[in-house]
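Visitor: Here is what each chain is made of, one letter per residue.
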Amino acid sequence: MTQSFAVETKALVKRYRSVLALAGLDLAIEPGCFFGLLGPNGAGKTTAVSILCTLLRPTSGEARIFGSDVVDERPAVRPHLGIVFQDPSLDTELTGRENLEIHARLYRLSERGTRIERMLEQMALTRDADRRVAALSSGMRRRLEIARALLHEPRVLFLDEPTVGLDVHARRSLWERLEQLRGSGLTLFLTTHAMDEAARLCDRVAILNEGRVVATGAPQELCQQVGGDHIELELDRPEEALPLLRTKPNVQDAWIEKRTVMVKVKHAPTELVALVEELKPQGIRAVRMREVNLEDAFVHFTGHKIDTAGNLE
Amino acid sequence: MTAFVSDVMTILRRELLRYGRERAFLLAQVLLPVLAVLLIGLPAGKLGQDPHYASYLGAGLLMLTITSGAIGGGYTLIEDVQRGFLRSILVAPISRTSIVVGKILARLLLSLLLVITVGTVLAFFTDIGLAHPLLSLGALVAITFGFVALGILLATSLRRTESFRTVAVFVTLPLYLLSGMFFPIETFPRVTYLLALLNPLTYGVDLFRYGTIGVHELPLVADGLVLLAFAVLMTALAARAFERRLAG
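Protein chains in written order, with the numbering used here: chain P, 1 to 313; chain Y, 1 to 248.
Check each hint, because a few of them may be wrong.
As the list claims (entries may be wrong) - Residues from chain Y that keep clear of chain P, each with C-beta distances beyond 12 Å, as calculated: (1) Tyr19; (2) Gly48; (3) His52; (4) Phe125; (5) Pro184.
Said to hold, decoys possible - To list a few chain P residues with every Cβ distance to chain Y over 12 Å, as calculated: (6) Ala23; (7) Cys33; (8) Cys53; (9) Leu56; (10) Arg74; (11) Ala76; (12) His103; (13) Ala104; (14) Arg127; (15) His152; (16) Glu176; (17) Arg200; (18) Arg212; (19) Lys264; (20) Val276; (21) Asp307.
Unchecked claim - In silico contact screen, one side only, chain P against chain Y (beta carbon under 10 Å); selected entries: (22) Leu55; (23) Leu90; (24) Glu101; (25) Glu145; (26) Ala149; (27) Lys280.
In case anyone wonders, no lab produced these hints; they're calculated from the structure.
Idealized CB from N, CA, C, for every residue including glycine.
Model the full structure from these sequences, guided by the hints.
Guide: Given below as structure tokens:
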């Protein structure tokens, strides 16, 4: 393997008794990339992160962080890792500042005070730094975890489902902080089941399905690979429309989602008029057009749709 | 080696910060033995016409403080696993041994502090003192190791956090009652006397009492050997259970 990749895995397999969590994961992430690993709950995202963070041994295959093996060269790997776990991992009895102080000592950092103040400021936590973590909001706790993960200046920051459980406002504010980290040379490894999050943040994504990467590339590239546009129609009698649509040569696919008829075509603007004309008898109430997004690409590559909680529908 | 020491000190610092947050609980741990000696030890001594009973009970209650604190200390390790905090330490470039050693050291320091505080208060109206301070310290160290380990073992064998306190009571109450903390085991009926001899805590109480008031009822060599074996065996079992818990 070359030294040039920030994160690299080859044929990585993890088996828990009868369950195959990772079935040969191959990743190669360039330094400085904001990378997203996408998949529903149970796809193996957290397993992959745990292995890359030296917490879990793979059954077979290899994984390297900046050229160092995560099993055989743990002491070389660990100082480079910053991790925000899916579940909270702060000491809730201590204050934010105390959490950072303990962490700074565990990494044997010099100039602890200055670093801590800088991180607190960067994550907008200075005002609340001396409150017990138990008294902080979930958004603040997440930011504190990011502050902790960045304190020792890691080369790779892992974020395992960082916005799960956050309200819309906290989620946005976290995205903004993460976007600020882009371009600093830091490699970011995000796992998420939220496609809007990945599309907004990531330079490159890999779609994980049943422990294997089924597609990889920039979000835009994946959308282009899927191709086509969507026309959404709200009809009085949607069920009548489907058989009709499926006979049309220009319609690539058609289905009903929450009483709305979804039609996939090559180029929506040229098909729209004909389609509306065709479906008038079914009582059109509203029509929308949109380009293919990452969520459609995900469905295309995995054959599944995921709900907002990250479960397969 | 210096790295190991500094890691242990970091874990120790965190534990002491946490213990510092539990001031009410610490105050209770000071007040309860003092009140028990005043309100039970002294009157019971008068009733039984034994002026030394208060000192005797006082020494036993100091050992109770050490033991129950140690069980709770072991439990906090598993609490750290369940609350996720431990993972943030495990990914740091430090050894697992330093985590456990730091935790036990913190508990030792706290027990020592409690014993000195309560012992000083008790010294005003009982004979509790420093008859053989090194032997008291030995008993404190061995029982702390053994019971921190027992706390870890109990906590790792339980799936649910809430059941820990209940189970801990069922395991520890018989150990306490059969240890001669409250009465000499010679006064026990034959069956409970034999059970008391099988209880490792009995030897801890005996050695600690000799260390503080100069009285013992079992051979001191037996106390020392049993405590050493207990501490080593329990620590080894707990280390294995902890490793397994982390692995799976």
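Visitor: Tell me the hint numbers this structure goes against, listed in increasing order.
Guide: Those not satisfied are hints 1, 8, 9, 10, 11, 12, 13, 15, 27.
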